[in-house]
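Participant: Work out the full structure: start from the sequences and follow the hints.
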Amino acid sequence: MTRSSGRGHYSVLIVAPESLDSFDGHLPRVARLIRSSRLFSKLIKRVHIDEAHNIYTAGTSLYGVSAYRPAYGLISKQHVFLEKGTPFQALSGTLPPHITKAIVDNLGFPSNYATITFTANRPNITYAAQPVVGSLSDFRNLDFVVPPKHKTIIFFDSKIDARNAAIYLDNHVNLPESQRGRGVVQEYHGDMSPQYLTQVFEAFAAEYGQNVLCILCATATCSTGIDIADVASVIQSGISRDVPDWRQRGGRAGRDPAIPAIFLTLYEPWVAEVDLTKVLTDVTDPDKPLLRLTKNSTKQEHTGFASIHFLQSSECTRLLLAQYFGDTTPSRIDFTNPWCCDHHPGQEIDFSVWFTTPFFDDKVPGNTKATVRKPRSRIPVRPKKDRGALISRLQQWRLDMHRSDPLRAFRTMAMIINDKSISLIAGIAPQRVSVEVLMEKLGEVEEWEDSWADKIVKVIQEYDTENSGSELEVESEDSSDEEPLLSVLRRGNRLD
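Numbering (this note's numbering), first residue to last: 1 to 496.
Think of the hints as simulated: they come from the structure by calculation, not from any bench. Beta carbons are placed, not taken as given, at the ideal position from N, Cα and C, and that holds for glycine. Treat the hints with caution; some may be incorrect.
To be verified - Subject to a maximum C-alpha distance of 30 Å in a straight line, what follows is the list of computed BS3-like cross-link-like pairs (lysine-lysine): (1) 101 x 84; (2) 384 x 278; (3) 101 x 385; (4) 385 x 159; (5) 288 x 299; (6) 84 x 45; (7) 84 x 299; (8) 45 x 77; (9) 441 x 420; (10) 101 x 384; (11) 384 x 420; (12) 149 x 159; (13) 278 x 455; (14) 159 x 455; (15) 455 x 441; (16) 278 x 288; (17) 458 x 299; (18) 77 x 288; (19) 385 x 441; (20) 384 x 299; (21) 77 x 299; (22) 441 x 458; (23) 159 x 299; (24) 278 x 299; (25) 101 x 149; (26) 77 x 149; (27) 42 x 288; (28) 299 x 385; (29) 420 x 455; (30) 101 x 42; (31) 159 x 288; (32) 420 x 159; (33) 101 x 77; (34) 77 x 278; (35) 384 x 455; (36) 458 x 385; (37) 84 x 42.
Unchecked claim - Label pairs and their computed distance ranges (CB to CB): (38) 91 x 220: 11 to 21 Å; (39) 41 x 454: 48 to 58 Å; (40) 338 x 15: 19 to 29 Å.
Facilitator: Rendered as structure tokens:
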């Protein structure tokens, strides 16, 4: 094919940015052809860059973190090898002013470059947000999507969460027994084989009702370039780190303008606790995190100002989007659904249009965690009379950590560890105190473990050294009485 391309047998070449420059120490054939064949390079009359926002979001080192697809940032080097004046076009549905400026600078556009602008507004999408109960890994927060009423994509930041959520939902008690474990819900991410991804995509893209598959649990793999017309709901599990990523994921909903769609964000409780009034915003980059990042930065530290502001604000989400994108078109805040967003008092959204059951509330009787019973085991625990002093020690440690935290305006004490979790770990018997037991008890994410687990274990061990000699009680811990359903369900990647 490369030889035929070099002879001009094709009028259009579709290539990945990695094909245009040295990649992993290797110069791909297309790059060699452009550099070595003057005849071929003269045949290239235009360069069109789709999803051009990636020049900034993926191809540029941002906030102290290296670019994860640096080839996007190197596309501009093609100016050297192509004919002088070869037109470059940057195309994207995600071009707020700060990203547009970065692209213009990167590609070396002249000051009189032409701009064609359409509104970024999607009038058939209703925007809503809901805090989760507990943590994102408590998948009861997703119970409302089953049984499905239409096609749904749920986005996760973690492949593990996407897999576990798919297992949980595909075996959910809300599904008819004949559909459980049959592939109503499937995972979709980069760890799956090409054959599996193709099979799942084709099944999901088929007309609704023709295949059993109705819900995809996906990662960023699905956030761009997926154009399936009849997806009626998209759910983002967890706050997005920046608005462009959030907007791209929500854009998978309602591709058919005639379908009323919803984009629902399920966000962590800490989002509501961040005090943005104490943070100096960078007007040139609303997505900038509040601190320079490192490889060990937590999600809270990665999250940009604008993402938090969107969820905390009482202003119309559609209006906030127009302001963010610099959209001044007349149709920027038009909507065709009965509801614009959940920021209009007196216009409560009827979520039953899209979902079959209410959102999870741990106060609702009978709405319990999906579990299977196993025999009760007797595990040593710390005597209840000794827990109060340890709880006080941990609370004081938390206060000290928060006071010394340069991110304290952004990270509340509850983000370090909340009172409920302190009470839980205060019951761990001294001889069982370890990072592994702590993580099993709290069910926290890896980022939290890297930041706090070792420190908390050290505090507890120091306390126990000072108070050695206490007797142990032997009780049956509640957490040992039940085994999560995910640990006993095993499902192959099948579409029956």
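Participant: Are the hints correct? Go through all of them and say.
Facilitator: Each hint tested on the structure:
1. 101 x 84: holds (22 Å)
2. 384 x 278: Not satisfied, since the Cα-Cα distance of roughly 40 Å exceeds 30 Å.
3. 101 x 385: Distance of about 62 Å is beyond 30 Å: violated.
4. 385 x 159: violated (42 Å)
5. 288 x 299: Holds, at roughly 13 Å.
6. 84 x 45: holds (10 Å)
7. 84 x 299: violated (44 Å)
8. 45 x 77: Holds: residue 45 and residue 77 sit about 16 Å apart, inside 30 Å.
9. 441 x 420: holds (11 Å)
10. 101 x 384: violated (60 Å)
11. 384 x 420: holds (15 Å)
12. 149 x 159: Since the Cα atoms of residue 149 and residue 159 sit roughly 25 Å apart, the hinted pair holds (cutoff 30 Å).
13. 278 x 455: Answer holds: residue 278 to residue 455 is near 27 Å, not above 30 Å.
14. 159 x 455: At roughly 27 Å apart (the allowed maximum being 30 Å), residue 455 and residue 159 satisfy the hint.
15. 455 x 441: holds (16 Å)
16. 278 x 288: The hint holds at about 15 Å.
17. 458 x 299: holds (24 Å)
18. 77 x 288: holds (27 Å)
19. 385 x 441: Given pair residue 385, residue 441 holds - Cα atoms ~20 Å apart, limit 30 Å.
20. 384 x 299: Violated, at roughly 34 Å.
21. 77 x 299: violated (33 Å)
22. 441 x 458: This hinted pair holds, its Cα atoms lying about 17 Å apart.
23. 159 x 299: With a Cα-Cα distance of about 15 Å, the restraint between residue 159 and residue 299 holds, given a limit of 30 Å.
24. 278 x 299: It holds: about 19 Å lies between the C-alpha atoms, which stays within 30 Å.
25. 101 x 149: The hint is violated at about 42 Å.
26. 77 x 149: Violated, at roughly 49 Å.
27. 42 x 288: It is violated: about 41 Å lies between the C-alpha atoms, which goes past 30 Å.
28. 299 x 385: violated (37 Å)
29. 420 x 455: OK: residue 420 and residue 455 at ~18 Å, within 30 Å.
30. 101 x 42: The hint holds at about 29 Å.
31. 159 x 288: holds (25 Å)
32. 420 x 159: holds (28 Å)
33. 101 x 77: holds (18 Å)
34. 77 x 278: Violated, at about 42 Å.
35. 384 x 455: Status holds; Cα separation ~23 Å.
36. 458 x 385: holds (21 Å)
37. 84 x 42: OK: residue 84 and residue 42 at ~10 Å, within 30 Å.
38. 91 x 220: 11 to 21 Å: holds (19 Å)
39. 41 x 454: 48 to 58 Å: holds (56 Å)
40. 338 x 15: 19 to 29 Å: Violated: the Cβ-Cβ distance is about 44 Å, outside 19 to 29 Å.
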